[in-house]
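Counting along the sequence shown from 1, when you hit position 99 you're at 99 in the working numbering, and nothing is skipped either side.
Hints in this document: simulated from the structure, not taken from any laboratory.
Cβ coordinates follow ideal geometry from the N, Cα and C atoms, glycine included.
There could be a bad hint or two in this list.
[As the list claims (entries may be wrong)] Between beta-carbon pairs, the in silico distance windows are:
{"hint": "1", "residue 1": "HIS95", "residue 2": "SER29", "range": "19 to 29 Å"}
{"hint": "2", "residue 1": "LEU18", "residue 2": "PRO103", "range": "29 to 39 Å"}
{"hint": "3", "residue 1": "ALA13", "residue 2": "VAL98", "range": "31 to 41 Å"}
{"hint": "4", "residue 1": "PRO12", "residue 2": "PHE73", "range": "15 to 25 Å"}
{"hint": "5", "residue 1": "ASP62", "residue 2": "GLU14", "range": "30 to 40 Å"}
{"hint": "6", "residue 1": "PRO12", "residue 2": "VAL98", "range": "27 to 37 Å"}
{"hint": "7", "residue 1": "ALA99", "residue 2": "GLU65", "range": "12 to 22 Å"}
{"hint": "8", "residue 1": "ILE55", "residue 2": "PRO12", "range": "14 to 24 Å"}
{"hint": "9", "residue 1": "ALA13", "residue 2": "GLU61", "range": "32 to 42 Å"}
{"hint": "10", "residue 1": "GLN28", "residue 2": "SER91", "range": "14 to 24 Å"}
{"hint": "11", "residue 1": "PHE39", "residue 2": "ASP97", "range": "17 to 27 Å"}
{"hint": "12", "residue 1": "SER91", "residue 2": "ALA21", "range": "14 to 24 Å"}
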Amino acid sequence: MSIIVTNEITVPAERGELVAARFAANSQSLKDFDGFEGFQLCRPTDPADDRWLVITHWRDEDAYEAWRSGKDFGASHPKGEKAKGNVDARSVVRHYDVAFAAPGN
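Turn these sequences into a full structure, and let the hints guide you.
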C-alpha cells in the first residue's frame, strides 16, 4: 500500500499566490518520478491561519527517499539566501502508511 508524506509549512499571507504558483511549477518534475502517485497543496480556509499543508503520495518509502535525496528535490527546496521570504523553514514533516483507501466517485 502507498505512503503519504505531509509537510506543514508557514506561508505569509502576502506570499500565498507566489508559493502556490511555485508549487504548481515544481510539481511538473514529480509527475514522471518513479513511485510518485499524487500531490496536493492545501491552503487554510481561516484567513488568520498561515499554515499550509503539502501532501504527497508515494508507492513506498523507498520511492519517497529516492526523490528526497535527488537533484529535483534540492532544486525545488533552496536553502540560505535563496530561500529567504518564501516559507518558514520550520516545517513539520510526517509520514503515514495508508491503512485503508476508499475510491471516490
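The hints, checked one at a time:
no.	hint	in the structure
1	HIS95 / SER29: 19 to 29 Å	holds, 21 Å
2	LEU18 / PRO103: 29 to 39 Å	holds, 35 Å
3	ALA13 / VAL98: 31 to 41 Å	holds, 33 Å
4	PRO12 / PHE73: 15 to 25 Å	holds, 23 Å
5	ASP62 / GLU14: 30 to 40 Å	holds, 38 Å
6	PRO12 / VAL98: 27 to 37 Å	holds, 32 Å
7	ALA99 / GLU65: 12 to 22 Å	holds, 21 Å
8	ILE55 / PRO12: 14 to 24 Å	holds, 21 Å
9	ALA13 / GLU61: 32 to 42 Å	holds, 34 Å
10	GLN28 / SER91: 14 to 24 Å	holds, 22 Å
11	PHE39 / ASP97: 17 to 27 Å	holds, 18 Å
12	SER91 / ALA21: 14 to 24 Å	holds, 19 Å
In this structure, none of the earlier numbered hints is contradicted; all agree with it.
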